[in-house]
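Novice: Work out the full structure: start from the sequences and follow the hints.
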Amino acid sequence: MNVKGLILAGIVSTTISCQSVKKEAPSFDNYPVREGTLAEMDYSPVETKFSLWSPFADEVKVLLYESGHEGSAYKAIPMEKEKDGTWKVAVQEDLNGKFYTFNVKMNGKWLGDTPGIMAKAVGVNGKRAAVLDLDTTDPEGWENDVRPALNSFADIVVYEMHHRDFSIDSVSGITNKGKFLALTEEGTKSSLGEKTGIDHLKELGVNHVHILPSYDYASVDESKLENNQYNWGYDPVNYNVPDGSYSTDPYNPSVRIKEFKQMVQALHKAGIRVVLDVVYNHTFDIANSNFEKTVPGYFYRFNPEGKYADASGCGNETASDRTMMRKYMIESVLHWVNEYHIDGFRFDLMGIHDIETMNAIRAELNKIDPTIFVYGEGWAAGAPQMPAEELAMKANAHKMPGIAVFSDEMRDGIRGPWNDDKEGAFLIGKPGNEMSIMYGLVGCIPHPQIINDSVNYSKEAWAAQPTQMISYVSCHDDMCLADRIKHTLPEGASMEERVALHKLAETFVFTSQGVPFIFTGDEVMRDKKGVHNSYNSPDEINTVDWKQKTTYREVFDYIKDLIAMRKTHPAFRMGDADMVRKHMEFLPVEGSNLIAFILKDHANGDAWNNIVVAFNSRKEPAKVSVPKGNYTIVCKDGKINPKGMGRVNGAEVVVPPQSALIMHQ
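Counted the way this note's numbering counts, the sequence shown spans residues 39 to 703.
Worth flagging that the hints you see were computed from the coordinates, not collected in a lab.
DSS-like cross-link-like pairs, simulated, lysine-lysine; straight-line CA separation at most 27 Å:
hint, residue 1, residue 2
1, Lys-233, Lys-567
2, Lys-585, Lys-524
3, Lys-620, Lys-661
Fair warning: this is a prediction, and the values are worked out from it, not measured in the lab.
Specialist: Structure (structure tokens):
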């Protein structure tokens with residue numbers, strides 16, 4: 039997410055001064071809880087029922103429109119209040135295809151039109167909700183759509199992508215560039231003949247696609263798509279409906295819904311699950327938000343001075359700990375699972391949310407399918423208005439079973455610190471980062487060989503299981519890997535060296551016991567021309583250049599083979615902390631910028647036994663002592679061949695410079 043100066047759990051502490059308190063923050067403890075679901079529109083051909091939770095409103099009315107964006111309301115209907123603070127009315131006619139908004143009056147003032155907080159279909163730019171039977175948006179065969187099999191979170195390989203980045207390139211061979219439908223097209227190839235789109239994902243071998251925010255967001259005007267606007271989408275408006283800019287017709291409410299479902303359906307058929315990036319921690323703004331126009335103040339936290347808090351760095355922070363906000367988040371997540379068959383969720387700035395809410399979401403998802411994956415950023419952009427021990431911060435991951443967190447310890451130990459793009463680490467030969475990387479290689483769990491005092495950020499293990507750790511070196515935030523390597527190496531460093539270090543970095547990711555995560559285009563040496571925060575940069579910065587798949591085919595093949603190797607051999611993905619402690623042992627090395635471990639006594643059927651993995655970022659070869667025996671080399675000099683690349687015999691092996699060596703008995 040595009041915020042400056044993230045506060046990482048356990049690294050930076052902040053305090054809030056209460057010396058100049060003018061008034062106390064408002065209390066919402068006496069607000070009633072709505073019974074049943076939060077659904078605000080229930081359609082049938084005979085009648086449509088409208089409801090809105092606004093417990094202290096003077097009046098509420100629903101307004102009906104012929105259009106999603108033009109003209110005035112043709113009817114305004116007063117609603118009646120019930121005991122749980124919900125206002126209701128039923129319209130005895132067929133409203134299919136009509137649009138509606140609510141208007142709430144409080145303290146004698148009308149707050150203005152809102153589609154409600156739970157709108158599930160909207161017109162262009164999400165200003166008005168649509169009356170729609172969602173069953174009519176199901177693509178052919180939707181009832182037979184099933185999520186691909188998943189035995190363990192340890193088997194997951196995540197690929198993070200933005201719809202526009204992935205397909206907008208003029209040589210992508212994709213027809214529906216920048217749209218949901220881009221991920222439904224099969225047989226697409228670049229102008230140089232390489233597979234693109236969904237075929238590229240299958241060739242690479244990933245099994246989870248994490249799509250950046252795809253709900254209705256504010257910063258792209260859907261009525262002016264010809265202007266080639268760009269944004270990551272971390273500015274929520276309507277959380278429960280797809281964004282119209284990625285549809286072929288943002289004016290027709292059913293199109294964006296059906297096309298999103300078609301995308302999910304196509305990915306499922308390809309054996310790929312879909313992870314939705316959700317941003318419940320803040321809204322685009324406060325005054326115009328659907329939350330504020332419905333129940334002013336309730337859905338947000340306040341600081342001790344009675345002002346809106348801002349742990350998101352975007353002007354506000356939502357109050358997940360408040361009963362109805364927690365209920366909202368749970369129902370929203372379940373809506374995406376039940377209506378859109380979503381397979382996982384990545385929570386933006388998850389550290390703003392409270393642990394109880396995150397565990398409640400995990401519990402509800404478990405009732406549907408315990409293999410639905412949940413992970414998030416275990417930090418915030420400022421100090422949230424809750425005690426640290428109650429927040430879903432990285433340090434508290436062990437309190438959230440079945441929920442994973444990004445590990446910045448290994449990431450920054452490999453490439454350099456998050457707050458300085460030009461400072462390198464292990465990759466460029468800077469000593470002192472080895473233990474931080476080892477901490478990530480075991481999955482951030484307690485391990486007898488990890489000296490926590492030598493880890494860069496966390497001074498104790500925060501994961502109870504290795505599958506609670508997301509292993510990565512780059513994502514949409516900050517520089518992508520190719521740019522980071524270029525900016526941390528001395529000026530004039532060769533492309534050969536940059537390629538070698540790129541491969542070395544990804545080897546850490548895919549041999550870690552955590553859940554591996556790769557950013558779109560890292561597999562083809564994608565660069566963003568050095569732009570650190572490209573959240574609204576033009577296409578020439580953000581687009582994946584598909585010609586690079588040909589130029590850097592060796593990088594693609596290397597990462598593809600890394601993924602295949604991980605999938606084939608369960609020792610790389612044990613998924614259990616006790617097994618990791620039993621079978622994963624770091625080997626003694628001399629000097630810095632050299633790490634080696636062995637996955638011992640883990641043979642299963644045809645799987646490899648006693649797998650040795652060594653990483654050398656020095657510019658000269660390095661010797662590593664290994665248990666004496668005969669070994670088959672499968673990774674060396676930036677190449678992988680699972681059938682073998684030669685044999686070594688003895689108690690010592692030489693690791694070539696700036697590369698990884700993998701061998702087995």
